[in-house]
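Those protein sequences? They're chains H and L, same order as listed. No gaps in the numbering here: position 81 of the first sequence is 81 in my numbering, and each next residue is one more. No gaps in the numbering here: position 254 of the second sequence is 254 in my numbering, and each next residue is one more.
Don't read these hints as lab results, they were simulated from the structure. The C-beta atom is built at its ideal place from N, Cα and C for all residues, glycine as well. Be careful, since some hints might not be right.
Residues from chain H that face chain L, not an exhaustive set, calculated with beta carbons under 7 angstroms [as the list claims (entries may be wrong)]: (1) Arg68; (2) Glu74; (3) Leu75; (4) Thr90; (5) Leu116; (6) Tyr136; (7) Arg139; (8) Ser154; (9) Phe160; (10) Arg163; (11) Leu166; (12) Ala167; (13) Lys173.
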Amino acid sequence: MTRQEKDQQLDAAVRAHHSGLRYFIRSLGVNESWVDDLAQETFLIAHRKWEELDHPDNAPGWFRMIARNLVMNELTKVGRRQRLIDEKITGILLAAEPTIPAPGLLQDAETRHRALRECLNGLPGNIRRVISARYYDDRNASEIGEELSMNPASVRKLLFHARKALADCLVAKHVHP
Amino acid sequence: MHDDFDSLCASYLDGTLDERSRDELAALLESDPAKVAVLRSQLLLSGSLARLRPDLDDEHFLRTVMPHVHAMSGEAEEAFPSRVRKSIRTARWRRGALAAAAVMALAATLFVFHGRRGDMIASRFDGESPSQPVRVGDKLEFSQGVSRLEFSNGAVVAVEAPAAMSFRSPEEVVLDYGRLNAWCPETAHGFRVITRSATLTDLGTSFGVSAARDGTADFVVLDGKVEVQKDGETRTVERGAALRANHGRGLSKIAFEPSAFKRTWPVASGIHSTRGEVVPAPPGTREALAAYESDRHILVIPERRDFHPGKKIPVNILEPGGYEGRNLFQPVTFSPPPKTKVRSYLLRYNPVGKLEKKDHKLIEGSVTFDRPVLAIIAGSRLLHLSDEVFSSAPLPKMTEVDSKLRGLESSPNLIRSDRVELSKDRRMLKVTFIAGESIDELRAITADD
Numbered sequence: 001m002t003r004q005e006k007d008q009q010l011d012a013a014v015r016a017h018h019s020g021l022r023y024f025i026r027s028l029g030v031n032e033s034w035v036d037d038l039a040q041e042t043f044l045i046a047h048r049k050w051e052e053l054d055h056p057d058n059a060p061g062w063f064r065m066i067a068r069n070l071v072m073n074e075l076t077k078v079g080r081r082q083r084l085i086d087e088k089i090t091g092i093l094l095a096a097e098p099t100i101p102a103p104g105l106l107q108d109a110e111t112r113h114r115a116l117r118e119c120l121n122g123l124p125g126n127i128r129r130v131i132s133a134r135y136y137d138d139r140n141a142s143e144i145g146e147e148l149s150m151n152p153a154s155v156r157k158l159l160f161h162a163r164k165a166l167a168d169c170l171v172a173k174h175v176h177p
Numbered sequence: 001m002h003d004d005f006d007s008l009c010a011s012y013l014d015g016t017l018d019e020r021s022r023d024e025l026a027a028l029l030e031s032d033p034a035k036v037a038v039l040r041s042q043l044l045l046s047g048s049l050a051r052l053r054p055d056l057d058d059e060h061f062l063r064t065v066m067p068h069v070h071a072m073s074g075e076a077e078e079a080f081p082s083r084v085r086k087s088i089r090t091a092r093w094r095r096g097a098l099a100a101a102a103v104m105a106l107a108a109t110l111f112v113f114h115g116r117r118g119d120m121i122a123s124r125f126d127g128e129s130p131s132q133p134v135r136v137g138d139k140l141e142f143s144q145g146v147s148r149l150e151f152s153n154g155a156v157v158a159v160e161a162p163a164a165m166s167f168r169s170p171e172e173v174v175l176d177y178g179r180l181n182a183w184c185p186e187t188a189h190g191f192r193v194i195t196r197s198a199t200l201t202d203l204g205t206s207f208g209v210s211a212a213r214d215g216t217a218d219f220v221v222l223d224g225k226v227e228v229q230k231d232g233e234t235r236t237v238e239r240g241a242a243l244r245a246n247h248g249r250g251l252s253k254i255a256f257e258p259s260a261f262k263r264t265w266p267v268a269s270g271i272h273s274t275r276g277e278v279v280p281a282p283p284g285t286r287e288a289l290a291a292y293e294s295d296r297h298i299l300v301i302p303e304r305r306d307f308h309p310g311k312k313i314p315v316n317i318l319e320p321g322g323y324e325g326r327n328l329f330q331p332v333t334f335s336p337p338p339k340t341k342v343r344s345y346l347l348r349y350n351p352v353g354k355l356e357k358k359d360h361k362l363i364e365g366s367v368t369f370d371r372p373v374l375a376i377i378a379g380s381r382l383l384h385l386s387d388e389v390f391s392s393a394p395l396p397k398m399t400e401v402d403s404k405l406r407g408l409e410s411s412p413n414l415i416r417s418d419r420v421e422l423s424k425d426r427r428m429l430k431v432t433f434i435a436g437e438s439i440d441e442l443r444a445i446t447a448d449d
């Protein structure tokens with residue numbers, strides 16, 4: 001394989017599978033702020049070892065395997081920060097996570113985003129405000145609670161139930177959360 | 001007392017789980033695979049919600065990563081990956097305990113590509129205060145007035161308080177909320193402004209962005225064109241048009257209404273301040289600027305910028321001092337210094353309709369520019385001659401009489417004549433116009449480097 005062919009194949013694979021890979025990494029309990037770093041590192045390793053991939057069709061599972069190994073490596077490092085990756089919880093999630101992507105995880109990101117927006121619009125205004133503060137303004141529960149005169153624990157609970165409601169809504173639309 | 005699973009899960013997602021609670025959550029997960037599925041679902045939803053933000057969306061990720069995947073093909077097998085890994089490790093170390101903040105993290109990721117965290121990328125000017133450095137990774141809150149930011153790539157951005165902005169590189173800023181006006185020379189084309197709902201990319205232009213805290217953002221193009229991207233939808237917006245981006249909705253055209261930028265636009269245009277009856281022209285396209293009329297004010301109208309005239313220009317004033325009567329019209333030659341870029345402004349009194357003949361009106365005031373004035377043209381003939389070089393817009397339709405009376409005057413019939421005074425530091429221009437039946441104007445040429 002020439003270098004150009006290799007680059008073209010990797011390019012296509014990254015474009016097709018980066019979204020699912022980032023979801024996968026997040027599902028292992030990796031902090032949101034670290035997901036893209038790990039995805040990027042995964043692609044760098046994939047580039048280096050591209051010849052080891054038997055067929056580009058198998059790239060999604062292969063990317064996941066690389067990402068999974070990266071996460072496991074992080075678990076063994078001394079002095080890692082718990083806020084980025086939690087050894088215990090991520091260990092459990094890793095053990096339970098299948099390497100082969102579920103069919104739903106390969107859904108078009110735009111379809112998923114559109115469905116999520118529709119589901120969001122179906123939530124009451126006060127819940128949307130809390131979600132907006134958490135995910136668009138990067139505020140934690142204490143800051144949101146202070147702003148909206150709510151107990152931080154209530155904010156966390158509200159977010160938990162909102163995510164559950166959104167997941168149910170997506171499932172009803174046949175979209176993988 | 002044991003917390004219930006939902007609460008533990010919620011705290012884990014919030015990043016506030018203590019060690020005891022973490023052990024409790026782990027025990028619950030180990031004992032029940034269904035709970036693992038719930039947690040995974042929560043994590044996936046959390047990721048999906050985060051990625052609705054344009055600065056974390058798929059398009060942005062690809063735009064950031066792909067150029068470097070391509071770049072690897074041109075390097076030795078190990079060179080790029082090891083460099084990037086090293087950078088990532090440094091980024092992680094720098095993020096420290098604040099890593100939970102997505103914006104911070106993204107900035108740290110991006111420094112791999114655009115510049116190192118801490119590198120100075122712009123100077124911030126607030127009123128008369130000395131300039132302050134702006135660095136990669138800075139997040140600034142603007143609490144009062146209008147600040148001017150001059151980027152190392154030549155972009156000039158005026159920000160009106162209240163506003164909050166993060167700085168990722170000389171080419172990319174995040175406007176959390178607030179209003180800004182930007183002008184980008186050729187060296188800054190591709191400059192991006194990221195809001196919560198959409199991303200603007202400059203394609204050679206002057207534009208305004210207004211971002212509300214609820215995520216709504218308006219993009220107004222005063223000159224040139226920009227590209228606005230939201231959730232995979234990309235639209236090109238040209239001069240005299242505007243677009244709105246809402247959370248959860250697409251992009252929609254809105255009426256072109258630049259008046260919201262009346263405080264930022266002059267600052268982005270190099271007008272530091274004005275006094276008296278001299279005021280900055282309202283923001284608008286070059287055609288709108290050319291047509292503005294006012295009975296009460298001398299308007300300061302920005303013209304061409306960021307260019308070298310390429311030839312000597314006949315002007316009337318080159319040195320600081322006061323000028324009136326014949327002194328105002330002495331022809332002298334302005335030789336633009338090599339490699340020095342200039343810009344120009346018209347100071348124009350353009351009455352609505354016509355004043356009655358022989359009816360004269362005294363109007364005066366001053367303008368201070370952010371760059372020194374190099375030359376001034378006050379006579380009608382020289383104004384006409386220099387239009388070709390400096391004007392960026394058609395002048396208002398003039399009668400033959402108008403065109404002869406366009407410049408300033410020194411008629412012996414007037415008790416006072418037009419007067420111009422350039423301060424010693426060359427930044428303040430004080431004018432007195434004895435305005436008659438026609439337009440009175442002068443052209444000020446400033447440095448633009």
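Do the hints match the structure? See the list:
1. Hint on H:Arg68 is violated. Least Cβ distance to chain L is approximately 14 angstroms, over the 7 angstroms limit.
2. Annotation: interface hint on H:Glu74 violated; nearest CB of chain L at approximately 10 angstroms, more than 7 angstroms.
3. For H:Leu75, the interface hint is violated, since its Cβ never comes within 7 angstroms of a Cβ in chain L; the closest pair sits about 13 angstroms apart.
4. The criterion of a C-beta within 7 angstroms of any C-beta in chain L is not met by H:Thr90, whose closest approach is roughly 10 angstroms, and the hint is violated.
5. Hint status for H:Leu116 relative to chain L: holds, with the closest Cβ pair at about 5 angstroms, below 7 angstroms.
6. For H:Tyr136, the shortest C-beta to C-beta distance to chain L is roughly 5 angstroms, which falls under 7 angstroms, so the interface hint holds.
7. Of the supplied interface hints, the one on H:Arg139 is violated, with its beta-carbon coming no nearer than about 9 angstroms to a beta-carbon of chain L, more than 7 angstroms.
8. For the restraint placing H:Ser154 at the interface with chain L, the shortest Cβ-Cβ distance is roughly 10 angstroms, beyond the 7 angstroms limit, so the hint is violated.
9. For H:Phe160, the suggested interface contact is upheld, since its CB lies about 4 angstroms from the closest CB of chain L, less than 7 angstroms.
10. Look at H:Arg163: its Cβ gets to within about 4 angstroms of chain L, closer than 7 angstroms, so that hint holds up.
11. Look at H:Leu166: its Cβ gets to within about 6 angstroms of chain L, closer than 7 angstroms, so that hint holds up.
12. Residue-level restraint check for H:Ala167 holds (minimum Cβ-Cβ distance to chain L is 5 angstroms; threshold 7 angstroms).
13. The beta carbon of H:Lys173 comes no nearer than 13 angstroms to any beta carbon in chain L, farther than 7 angstroms, and the hint placing it at the interface is violated.
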